[in-house]
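*Asks:* Going line by line, the protein sequences match chains A and B.
Just so we're aligned: 139 in this note's numbering is position 139 of the first sequence, and the numbers increase by one with no gaps anywhere.
Just so we're aligned: 2 in this note's numbering is position 2 of the second sequence, and the numbers increase by one with no gaps anywhere.
Take every hint as true, because none was put in to throw you off.
With the C-beta cut set under 7 Å, the calculated list includes, among others, these residues of chain A facing chain B:
| no. | residue |
| --- | --- |
| 1 | G106 |
| 2 | V109 |
| 3 | D137 |
| 4 | D143 |
| 5 | L147 |
| 6 | G148 |
| 7 | S149 |
Don't read these hints as lab results, they were simulated from the structure.
Cβ atoms here follow ideal geometry from the backbone N, Cα and C, with glycine treated the same way.
There are 2 protein chains.
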Amino acid sequence: MARPSKNILSPSIIAEAALTMVERDHDFTIPGIAKELGVNPSSLYHHVRGGRDEIINLMREALYGRIDLGAATAEGTPWQGRLRAWIRSYRANMAKLPAAMPLLVGSPVDDLPTLRIYEVAFAILDEIGIPAEDQVDVVSMLDAVVLGSALDRGAPVPMWQPGDHAVPHLQRAVPFGDDDDRSARGLELAITGAVAAIESLIAEAA
Amino acid sequence: MARPSKNILSPSIIAEAALTMVERDHDFTIPGIAKELGVNPSSLYHHVRGGRDEIINLMREALYGRIDLGAATAEGTPWQGRLRAWIRSYRANMAKLPAAMPLLVGSPVDDLPTLRIYEVAFAILDEIGIPAEDQVDVVSMLDAVVLGSALDRGAPVPMWQPGDHAVPHLQRAVPFGDDDDRSARGLELAITGAVAAIESLIAEAA
Numbered sequence: 001m002a003r004p005s006k007n008i009l010s011p012s013i014i015a016e017a018a019l020t021m022v023e024r025d026h027d028f029t030i031p032g033i034a035k036e037l038g039v040n041p042s043s044l045y046h047h048v049r050g051g052r053d054e055i056i057n058l059m060r061e062a063l064y065g066r067i068d069l070g071a072a073t074a075e076g077t078p079w080q081g082r083l084r085a086w087i088r089s090y091r092a093n094m095a096k097l098p099a100a101m102p103l104l105v106g107s108p109v110d111d112l113p114t115l116r117i118y119e120v121a122f123a124i125l126d127e128i129g130i131p132a133e134d135q136v137d138v139v140s141m142l143d144a145v146v147l148g149s150a151l152d153r154g155a156p157v158p159m160w161q162p163g164d165h166a167v168p169h170l171q172r173a174v175p176f177g178d179d180d181d182r183s184a185r186g187l188e189l190a191i192t193g194a195v196a197a198i199e200s201l202i203a204e205a206a
Numbered sequence: 001m002a003r004p005s006k007n008i009l010s011p012s013i014i015a016e017a018a019l020t021m022v023e024r025d026h027d028f029t030i031p032g033i034a035k036e037l038g039v040n041p042s043s044l045y046h047h048v049r050g051g052r053d054e055i056i057n058l059m060r061e062a063l064y065g066r067i068d069l070g071a072a073t074a075e076g077t078p079w080q081g082r083l084r085a086w087i088r089s090y091r092a093n094m095a096k097l098p099a100a101m102p103l104l105v106g107s108p109v110d111d112l113p114t115l116r117i118y119e120v121a122f123a124i125l126d127e128i129g130i131p132a133e134d135q136v137d138v139v140s141m142l143d144a145v146v147l148g149s150a151l152d153r154g155a156p157v158p159m160w161q162p163g164d165h166a167v168p169h170l171q172r173a174v175p176f177g178d179d180d181d182r183s184a185r186g187l188e189l190a191i192t193g194a195v196a197a198i199e200s201l202i203a204e205a206a
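Start from the sequences and build out the full structure, keeping to the hints where you can.
*Replies:* Right, dumping it as C-alpha cells:
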C-alpha cells in the first residue's frame with residue numbers, strides 16, 4: 001500500500017484545511033488540521049513555522065484573494081458605483097464563511113492579498129478628496145458594514161419569530177420583509193448611508 | 001466529602017457556562033458544558049430539553065438582556081439621539097463576546113429579551129413615519145452596523161501592519177488613525193450614515 005507523499009503539504013493546502021475546520025467547528029487546532037490532512041503535526045509545523053498566527057494569515061490570504069475587484073476598479077465608473085461594488089464583492093466573499101470572521105478580525109492585517117483589498121478603498125478616498133486623517137475612520141465604517149452584513153447573511157429566514165410575545169411594532173413590521181432578500185436590502189441601505197456619510201466629509205473638506 | 005448539590009444547575013448557569021466556553025473555544029458542546037460545570041451531560045438535558053438550540057437561545061437571552069436601553073428610550077431625546085444610543089449600547093454589549101456572534105446570528109430570534117431590543121428600534125421607526133414595508137430593511141442595516149462594528153472592536157491595534165508592501169494609499173493613511181479609537185470613530189461615522197439613510201426614507205415617504 002502506497003504511503004501518502006510527503007509533498008502533499010503546502011501552505012495553501014493547510015489554509016484550505018483550516019477553513020474547512022473553522023466552517024465546521026468555528027475554530028481550528030493544529031493537531032486537528034494534521035488529523036484532517038492525515039499527517040503528523042510536526043510536518044505541519046515544517047510548512048507553517050509561525051504556527052497558529054501564520055495559519056490565520058494563510059486563511060485570510062486565501063479568503064481575501066478570492067474577492068473580485070473588477071467592478072470596484074473599473075475605469076469610467078463613478079466612485080459611488082465603484083465603492084458599492086467593493087462593498088458588495090467583499091461582503092459576498094466573507095458571507096461564505098461567517099464563522100471565520102472573529103478569528104480573521106482578531107489578527108493584524110499584514111498579508112498582501114488583504115492589504116490590496118483595503119488599498120482599493122483608500123485609493124478611492126484619495127481620489128475624491130477625503131483628507132488622509134479621515135480615511136481610516138471611513139474604511140472602519142465600511143469594514144463594519146461589510147462584516148456585519150456578511151454575518152447577517154447567515155441569519156435564518158424568517159429571522160424574527162415572535163410567536164405571541166408582546167412586541168407590537170415588530171409584529172406589525174416583520175410580515176413585510178423578513179424574507180430571503182432581507183439581508184441584501186439592509187446592505188443596500190447601509191451602502192446608501194455610507195455614501196452619504198462620505199459625501200458629508202467631502203463637503204466639510206471642501 | 002460533600003457531593004455537589006443537584007440544585008446548582010439552572011438555565012442561566014448553563015448559559016453562562018456556554019458563553020465562557022464560546023469565548024475560549026469559539027463554540028460549545030453539551031459534553032463540554034457538562035465538564036465545565038462538573039455534572040453529567042444527562043443532568044444538563046434535564047434542564048435544557050431543547051438541547052443545543054435552546055442553549056444558543058439562553059446565551060442570547062443572557063447577552064441581550066444586559067443591553068441598557070435607558071438612553072435609547074429617554075423621553076424628550078430626539079429620535080436621532082435615541083437611535084444613536086440604541087446602536088452604541090447594543091454594539092458595546094456584543095463587542096464583549098465577538099466569538100458568539102456567528103452562533104447567535106445563525107439562530108432565529110424568538111426570545112423576549114432579544115425581541116425587546118428590536119422592538120425599541122421598530123417603535124422609533126414607527127414614530128418617525130418610516131413605512132412598515134421599509135422597517136425590516138432599516139433594522140437589517142442597523143444590525144449590520146452593530147454586529148460589524150462589534151466584531152471590528154476586537155481587531156488588534158494597530159490593525160494594518162503593511163511593512164514594505166506596495167500599498168501607497170494605505171501607507172499614507174494609516175499613520176493618521178489606526179489607534180485605540182479607530183473602531184469607535186468608524187462606528188460614529190456609520191451611525192451618521194445610517195441616520196442619513198433613514199432621513200432619505202422619511203423624505204421619500206412624505
